[in-house]
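Participant: Chains as they are written, first to last, in this note's numbering: chain F, 1 to 565; chain L, 1 to 440; chain Y, 1 to 133.
Read the hints as simulated data drawn from the structure, not as lab findings.
Among the hints, erroneous ones may be present.
To be verified - Cross-link-like lysine-lysine pairs, in silico, DSSO-like; alpha carbons within 30 Å at most:
#1 K82/F x K88/L
#2 K407/F x K480/F
#3 K412/L x K66/Y
#4 K412/L x K539/F
Claimed, not checked - Just a sample of chain L residues kept apart from chain F, beta carbon distances all over 12 Å, derived:
#5 L62
#6 E111
#7 R148
#8 Q227
#9 Y243
#10 T280
#11 G302
#12 E415
For glycine and all other residues, C-beta sits at the position ideal for the given N, C-alpha and C.
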Amino acid sequence: MSEYIIKNGKVYDPKTGIKGDVSDVCIKDGKIAEKVSSKAKVIDAKGMTVMAGAVEVHAHVAGPKVNEGRNYRPEDKLFTYKPTGKNTRMAGGFSIPTTFKTGYEYARMGYTTVMEAAMPPLYARHVHEEIKDTPIVDEGAFPVFGNNWFVFEYLKNDEMDNVCAYISWLLRTTKGYAIKIVNPGGSEAWGWGENCTTVNDPVPYFDITPAEIVKGLLTANEKMGLPHSIHIHSNNLGNPGNYETTLDTLKIAEGVKPNNKFGREQVLHHTHVQFHSYKGDSWANFESGSKEIADYFNKNKNMTMDLGCVTLDETTTMTADGPFEHHLTSLNHLKWANVDVELETSSGIVPYVYDPNIKVCAIQWCIGLELGLLAKDPMRTFITTDHPNAGPFTRYPRIMKWLMSDKARQDMLKGFKNSDKVIAATNLASIDRELTMFEIAQMTRAGPARSLGLYDIFGGLAPGMDADVAIFNIDEDKVKDPEDIEKAFSAASYVFKSGTMVVENGEVISNGNKRTLWVDAKIPMNKQVERDVQMKFLKFYSMNLNNYEVSNHYVPNPYVIEVDN
Amino acid sequence: MMTKTITDVICPFCGTLCDDLTITTDDEGKKILDVENACAIGAEKFLHASDHEHRKTRPRRLQEDGTFKDITYDEAIEYTAQMLATAKKPSMYGWSSTSCEAQSTGHEIAELCGALVDNTAAVCHGTTLVAVQNVGIPSCTLGEVKNRADRIIFWGCNPAHAHPRHMSRYSIFPRGYFTGKGQKQRKIIVVDPRPTDTASIADVHLQVEQGYDYELLQALRAAVRGQEISGDIVAGVPKEKVYEAAEMLKSGRFGVIFFGMGVTQSLGKDHNIDAAIMLTNDLNNYTKFSIIAMRGHYNVTGSGQVLGWQFGFPYSVDLSRGFARYNPGETGTIEVLKRKEIDAMFVLGSDPGAHFPMQCVKEISGLPSVAVDPHITPTTEICKVHVPVAFVGVEVGGNCYRMDNVPIEARKVVEPPEGMMTDVEFLSAVLKRVKELKAN
Amino acid sequence: MSTISINLISGRTIQQGASMEGGKDTDKYMKACGIIEIDDSDFKRLEIMKNTNVRVISEFGNVVVKAVEATQGPHPGVAFIPMGPWANSVTSPETYSTGMPTFKGVPITIEPAENEKVLTSIELVREKCWGDA
Chain F
1 MSEYIIKNGK
11 VYDPKTGIKG
21 DVSDVCIKDG
31 KIAEKVSSKA
41 KVIDAKGMTV
51 MAGAVEVHAH
61 VAGPKVNEGR
71 NYRPEDKLFT
81 YKPTGKNTRM
91 AGGFSIPTTF
101 KTGYEYARMG
111 YTTVMEAAMP
121 PLYARHVHEE
131 IKDTPIVDEG
141 AFPVFGNNWF
151 VFEYLKNDEM
161 DNVCAYISWL
171 LRTTKGYAIK
181 IVNPGGSEAW
191 GWGENCTTVN
201 DPVPYFDITP
211 AEIVKGLLTA
221 NEKMGLPHSI
231 HIHSNNLGNP
241 GNYETTLDTL
251 KIAEGVKPNN
261 KFGREQVLHH
271 THVQFHSYKG
281 DSWANFESGS
291 KEIADYFNKN
301 KNMTMDLGCV
311 TLDETTTMTA
321 DGPFEHHLTS
331 LNHLKWANVD
341 VELETSSGIV
351 PYVYDPNIKV
361 CAIQWCIGLE
371 LGLLAKDPMR
381 TFITTDHPNA
391 GPFTRYPRIM
401 KWLMSDKARQ
411 DMLKGFKNSD
421 KVIAATNLAS
431 IDRELTMFEI
441 AQMTRAGPAR
451 SLGLYDIFGG
461 LAPGMDADVA
471 IFNIDEDKVK
481 DPEDIEKAFS
491 AASYVFKSGT
501 MVVENGEVIS
511 NGNKRTLWVD
521 AKIPMNKQVE
531 RDVQMKFLKF
541 YSMNLNNYEV
551 SNHYVPNPYV
561 IEVDN
Chain L
1 MMTKTITDVI
11 CPFCGTLCDD
21 LTITTDDEGK
31 KILDVENACA
41 IGAEKFLHAS
51 DHEHRKTRPR
61 RLQEDGTFKD
71 ITYDEAIEYT
81 AQMLATAKKP
91 SMYGWSSTSC
101 EAQSTGHEIA
111 ELCGALVDNT
121 AAVCHGTTLV
131 AVQNVGIPSC
141 TLGEVKNRAD
151 RIIFWGCNPA
161 HAHPRHMSRY
171 SIFPRGYFTG
181 KGQKQRKIIV
191 VDPRPTDTAS
201 IADVHLQVEQ
211 GYDYELLQAL
221 RAAVRGQEIS
231 GDIVAGVPKE
241 KVYEAAEMLK
251 SGRFGVIFFG
261 MGVTQSLGKD
271 HNIDAAIMLT
281 NDLNNYTKFS
291 IIAMRGHYNV
301 TGSGQVLGWQ
311 FGFPYSVDLS
321 RGFARYNPGE
331 TGTIEVLKRK
341 EIDAMFVLGS
351 DPGAHFPMQC
361 VKEISGLPSV
371 AVDPHITPTT
381 EICKVHVPVA
391 FVGVEVGGNC
401 YRMDNVPIEA
411 RKVVEPPEGM
421 MTDVEFLSAV
431 LKRVKELKAN
Chain Y
1 MSTISINLIS
11 GRTIQQGASM
21 EGGKDTDKYM
31 KACGIIEIDD
41 SDFKRLEIMK
51 NTNVRVISEF
61 GNVVVKAVEA
71 TQGPHPGVAF
81 IPMGPWANSV
91 TSPETYSTGM
101 PTFKGVPITI
111 EPAENEKVLT
121 SIELVREKCW
131 GDA
């Protein structure tokens, strides 16, 4: 296999501790190597920035609600289409790109591993079909557990062994990666048109609270020693005053120690925290709660977050928080799609226009960035847009620009129509911190990889790790215009995936050999859970048990992470 | 005689996609002896497939005198590849009675040849897809219906005839988690210009005047919102019945509207569906309601899914300019045939010869054309080449999507006739040849 | 014997589905789909015996089918032909810019044709495509 040596670049690698020094990076047999032979191809990265391939910790890129979004928004394709290329299929879509475009655009930005944020188990086969058709990037998907009838019953009855056996079985059956929790309890309540908006609202009929669901799954996750922690979208998303619900949720994890052999240091990952950091009690006095939330995260080091930054675009919201989407359509009156999934979850889709001239949208924009800038530990704070909810992932370079340049932020703030009101309701104007290139590497590579329990494989440039490397045409010390940041990160000069060059001069030159990551927790099925599963399928599911499992046919290139028990 | 029994078999006929069939075959797995749990149509599909004597097992080419001459698969592959590669604007139509794997391979060919790719939604739920693009769609999986629904409307559809096991598997009779009393705790409304067999098990039949569903839908919306309906009769239905229906729906705790061709194909078309979806939205202000399209073919939904994630549109996709465009009234197969805009026709997994208006069938018969189908059909008998293939779900497996978008992998239960290709094998061979032709 | 005007719809039946899966070139398929279901009251208007052949004519074409008593009636003023090439010899290709033909709601006239034959699906489609339609 090819050998490469990347010379003269400024390397930013938290794994090996290199903070911008000029350093060689060697690639051999698909891995980072200590050294290579003289036959190695030389890549001259003089004046450029070299990092590991980035790791996307949360995006909605594959599955039934993503595709419903594509099919019900033909307008999302307008003016976006790139015709078939030498190595690429035709590719289109702005907020919900086609699967081919998804792979290409992530790769062009130097992203090499992507986690699909929410997989409804009944539809897992669909998620995997789309993952298969997403070129280049390794992918995994998180099955949702927070509204699952089996989970409710086992946790209500305090049957921790059974819930662990069930979780292990479901991860294997759906070829899933981690325990995802979305609006715990509330999406089941939505089956009757209701919701759970605090952690203590009991789920209709099942009589379990969101706090009990989160606590139970948190305990199970640590007992099982899974690579990732529970990954949670807490209740009350999007409502003014919800920062209190967020703190109530986070408190459940307070003081709990992580248990795993993957180097994971957190017991809870809260996703798209921007949407959950709202103060005030109405849209009129809506203001930023980022200080309270950032403070809490800074104090409690056993938690991680991803930002969910608003990009101020027309985009599409889609989430397994079904009741929230119904609420959103009642606010903006745009077309609403919804799918409630038997025994498992619900989901909704509504287009959204984040207009910078609307005070609320501008405040949301501030909150996402504030959370990133107030964070003391970039290894526990990751850049996302909850794609496509707060904006398309293709805007990550723009977010990096905003985080790295106070001027870029101030220009935006000044340009808002309701600038004074926005500044009064937020903290951003008074924050002049500019994140460094090293901190960006922590927030987009090392931090996410470590939180996923993959830090031995991805997110770093230590010998033995996968040779996922990205080289950008930018020198941190020579940036004159913040636009240079966005430009450089939008189209990498070179990207390597598993040691194969996949992007050169911003263009995709190879489709690589992507893999699907899933976790085999290796907890054997016990007789009770086996029987419960058989009975529920027989009586309540609309599909036979023997047709539920995602066969290996849909995971043609698996990368199984095994948990030693 | 020794036999084999295969359980959990998926039935490849309609969008109900039952997955609880039991098939008994001979010991060698060559002949189907018995089918359990299928409806009459599904059973016929499996049993007929096994009747190899009446199957064409090799491709045939139409001769000048109207008879067919057997050709080899290689010759059929060559004809197909040449036809698609040299056409300026070919149509690749059908896709609804085959697997997602086959659809995906077909799309690669379509992209290389700048084809118009379309599926049977063009003559079925296409107008539903357009309506959803206008107003969205609140929906749920069929298990939610089974477990929660106490109000069911069948609007412009007749599941007793078109989706025979729907009512017993999902919508009327099942005893689900919250619906232990089965039919007894469900109220059923059927809206249809005829008192159909489905209507005979309904609590209420609104015999709408054919073609006036739009008025009735909007009147029902008004009634749901507590507004007054002017006049005494709406669309052939006395207004008291409309008020009663509205109350019945609002008094439920979980309702579902199932709808079909009665509203997608009649005048009003996508506006009918728009109104039905908006009715569902309105009802969600009072109780919980969902709406589900009764998809016809067993994998038309899958075709829409694969087209969606690969190109961004669910049907009537035009790749002729090198990038995907979509405008059903313009790029749909019916319209391009009428306008004589295509110069080659490739049909796989459907029968436009039987199900298109005859004017369009006549157009197809005048074009270079290939029909890939296990059966002999009106399409195969007017195309230039007929390529028989194995039955998906019987002789070869593959992924399919149910009417509620749930993916279920169909199985292989018997061997296909000796030497017969599958859709995927045929398309892969055509793709390989097309790539060679395009490279020159 | 008279000619009547009536509104035509087409659609699925179990017999249409089952016979289709058994082979569209069969007599069974012709018997299942080469028919038009007419209400009693419309038979009276037509003044013919049930189970005799009729010619169905629309703006878009014509076809000979067997007139049978409505099986899911009464529906005076509405006639039903199961989906298939017989129905589609007369249904409307007009899509009103939606791409969707009008398979339901086609004005037709029905006239007696008791001495004319109902063709098989293959004979029918070949005649319409290559013969004198």
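Participant: Against each hint, give a clear statement of whether it holds in the structure.
Facilitator: We went through each hint and held it up to the structure:
1. A distance of roughly 20 Å separates the Cα atoms of K82/F and K88/L; the hinted pair therefore holds under the 30 Å criterion.
2. At roughly 11 Å between alpha-carbon atoms, K407/F and K480/F fall within 30 Å of each other, so this suggested pair holds.
3. Of the pairs offered as hints, the one joining K412/L and K66/Y is violated, with about 39 Å between alpha carbons and a cut-off of 30 Å exceeded.
4. The hinted pair formed by K412/L and K539/F meets the criterion: a straight-line CA distance of about 26 Å does not exceed 30 Å.
5. Against chain F, the non-interface label of L62/L holds: every CB pair exceeds 12 Å, the least being about 33 Å.
6. The Cβ of E111/L does not lie farther than 12 Å from every Cβ of chain F; its closest approach is about 6 Å, which violates its non-interface assignment.
7. Under the 12 Å C-beta cut-off, the non-interface status given to R148/L relative to chain F is violated; the minimum distance is some 6 Å.
8. Every beta carbon of chain F lies more than 12 Å from that of Q227/L, the smallest distance being close to 19 Å; the non-interface claim holds.
9. Look at Y243/L: its CB is around 23 Å from the nearest CB on chain F, clear of 12 Å, so calling it non-interface holds up.
10. Distance to chain F contradicts T280/L as a non-interface residue, since its nearest Cβ pair spans about 10 Å, not more than 12 Å.
11. Not every CB of chain F is more than 12 Å from the CB of G302/L (nearest about 9 Å), against its label as outside the interface.
12. Distance check on E415/L: its Cβ is at least 19 Å (rounded) from any Cβ of chain F, clearing the 12 Å threshold; non-interface status holds.
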